[in-house]
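Enquirer: Sequence:
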Amino acid sequence: MDSESQVVHRFTVPPSAAGQRLDRWLTDQFEEESRSAIQRWIAGGLVTVDGLRAGKAGLPLEAEAEIKVAAPPAPVASSLRPEDISLDIIFENDDLLVIDKPAGLVVHPGPGHATGTLANAVLHHCPQLEGIGGEKRPGIVHRLDKGTSGVIVVAKNDAAMRFLQEQFAGRTVYKEYLALLEGRVEPPRGRIDAPIGRHPTRRQRMAVLPARAGLEDTSQPTASAREAVTEYECLQVYEDQSSGQTARFSLVRAVLLTGRTHQVRVHFGWRKHPVAGDTEYGYKRRRLSLTRPFLHAHKLGIRLPGEAEQRVFESPLPTELQRILDRLGE
112 MDSESQVVHR
122 FTVPPSAAGQ
132 RLDRWLTDQF
142 EEESRSAIQR
152 WIAGGLVTVD
162 GLRAGKAGLP
172 LEAEAEIKVA
182 APPAPVASSL
192 RPEDISLDII
202 FENDDLLVID
212 KPAGLVVHPG
222 PGHATGTLAN
232 AVLHHCPQLE
242 GIGGEKRPGI
252 VHRLDKGTSG
262 VIVVAKNDAA
272 MRFLQEQFAG
282 RTVYKEYLAL
292 LEGRVEPPRG
302 RIDAPIGRHP
312 TRRQRMAVLP
322 ARAGLEDTSQ
332 PTASAREAVT
342 EYECLQVYED
352 QSSGQTARFS
362 LVRAVLLTGR
372 THQVRVHFGW
382 RKHPVAGDTE
392 YGYKRRRLSL
402 TRPFLHAHKL
412 GIRLPGEAEQ
422 RVFESPLPTE
432 LQRILDRLGE
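So for the sequence shown, this note's numbering puts the first residue at 112; every next one is plus one.
Check each hint, because a few of them may be wrong.
[To be verified] Lysine-lysine pairs mimicking DSSO-like chemistry, simulated, CA-CA at most 27 Å apart: (1) Lys167 x Lys179; (2) Lys257 x Lys410; (3) Lys383 x Lys410.
[As the list claims (entries may be wrong)] FRET-style restraints, in silico, Cβ to Cβ: (4) Arg192 x Arg300: 25 to 35 Å; (5) Ser353 x Asp205: 43 to 53 Å; (6) Glu338 x Arg414: 44 to 54 Å.
Hints are computed from structural coordinates only; laboratory data are not their basis.
All C-beta atoms in this analysis are idealised placements derived from N, C-alpha and C, irrespective of residue type, glycine included.
Between the sequences and the hints, there should be enough to build the whole structure, so can you do that?
Expert: What follows is the structure, given as structure tokens:
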């Protein structure tokens with residue numbers, strides 16, 4: 112973000128606020144912003160405490176600490192236009208949409224994808240969504256990569272947006288993926304606890320990086336890593352001999368306890384078992400006639416506004432991916 116478009120706010124922590132969480136205290140100072148928005152500012156490096164970047168939203172404050180917040184500008188009117196793009200809707204009520212996103216559909220506009228996105232389609236389906244969530248992401252609470260299919264939820268009003276965002280920020284959302292990985296995964300059940308951050312030289316990619324907790328020295332050029340945890344279970348091991356040599360693949364169920372960009376792809380690529388068909392974090396040549404990464408957001412468990420119990424929404428494996436498994440299982 113251009114520093115000229117930011118407004119820097121300066122605060123001195125009063126003795127009465129000592130011990131309070133950084134994000135909670137800042138939410139009181141910015142009454143127009145939600146706590147989840149403040150947490151995003153902190154995660155994005157927009158908040159410093161005594162000249163050091165605040166790496167944790169829950170950092171306890173000390174009396175007389177100097178806090179600077181480079182607040183992003185208020186969102187301007189979006190140029191996003193409704194587009195009549197078919198949506199596979201799993202569930203809909205007055206507060207939200209649950210959509211089965213196909214692979215190849217970008218979630219929101221960005222470089223190279225100004226139109227033809229899920230956001231364009233959602234705005235056509237629900238014109239009242241314009242302005243919900245700001246910028247060019249009407250109602251978009253979370254995202255899936257372009258090549259990833261499966262369950263995604265979209266808020267239809269500001270209250271629902273905040274309600275859903277708080278669940279993602281609080282890590283109470285159940286996120287289960289199905290992925291076909293290169294090789295035989297050992298052990299067949301496990302937990303990957305490895306921090307993820309922006310790749311220090313290839314800025315479009317993410318990578319497992321050394322963690323830096325608490326405050327970070329803003330003079331350091333390397334990106335900070337954030338906690339990332341994936342639990343997995345191997346469901347089936349397949350052998351493919353179509354190339355004349357035996358190649359093994361593992362179908363796994365991956366449950367994300369955090370929500371980092373490209374988390375499944377980065378974690379398993381780091382473990383030397385990249386997602387089949389993923390040419391960014393895996394092999395450059397796709398096998399099994401895949402035209403996309405074999406990665407599917409299979410289940411999403413989340414509370415709906417006004418409901419006490421979590422609902423679980425499910426998307427079956429897309430036909431093109433099921434065919435791959437059927438052929439491997441012959």
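Enquirer: Each hint needs a verdict: does it hold in this structure or not?
Expert: Here is how each hint holds up against the structure:
For the suggested pair Lys167 and Lys179, the alpha carbons sit about 15 Å apart, so the restraint of at most 27 Å is met. The suggested pairing of Lys257 with Lys410 holds, with an alpha-carbon distance near 18 Å, which does not exceed 27 Å. Using a Cα cut-off of 27 Å, the hinted pair Lys383 and Lys410 holds, with the two alpha carbons roughly 25 Å apart. Restraint check, Arg192 to Arg300: a C-beta distance of roughly 47 Å breaks the suggested window 25 to 35 Å.
Between Ser353 and Asp205 the C-beta distance comes to about 50 Å, which sits within the given range of 43 to 53 Å. A C-beta distance of roughly 23 Å is found between Glu338 and Arg414, which places it outside the suggested range of 44 to 54 Å.
The structure is inconsistent with the numbered hints 4, 6, although it conforms to all the rest.
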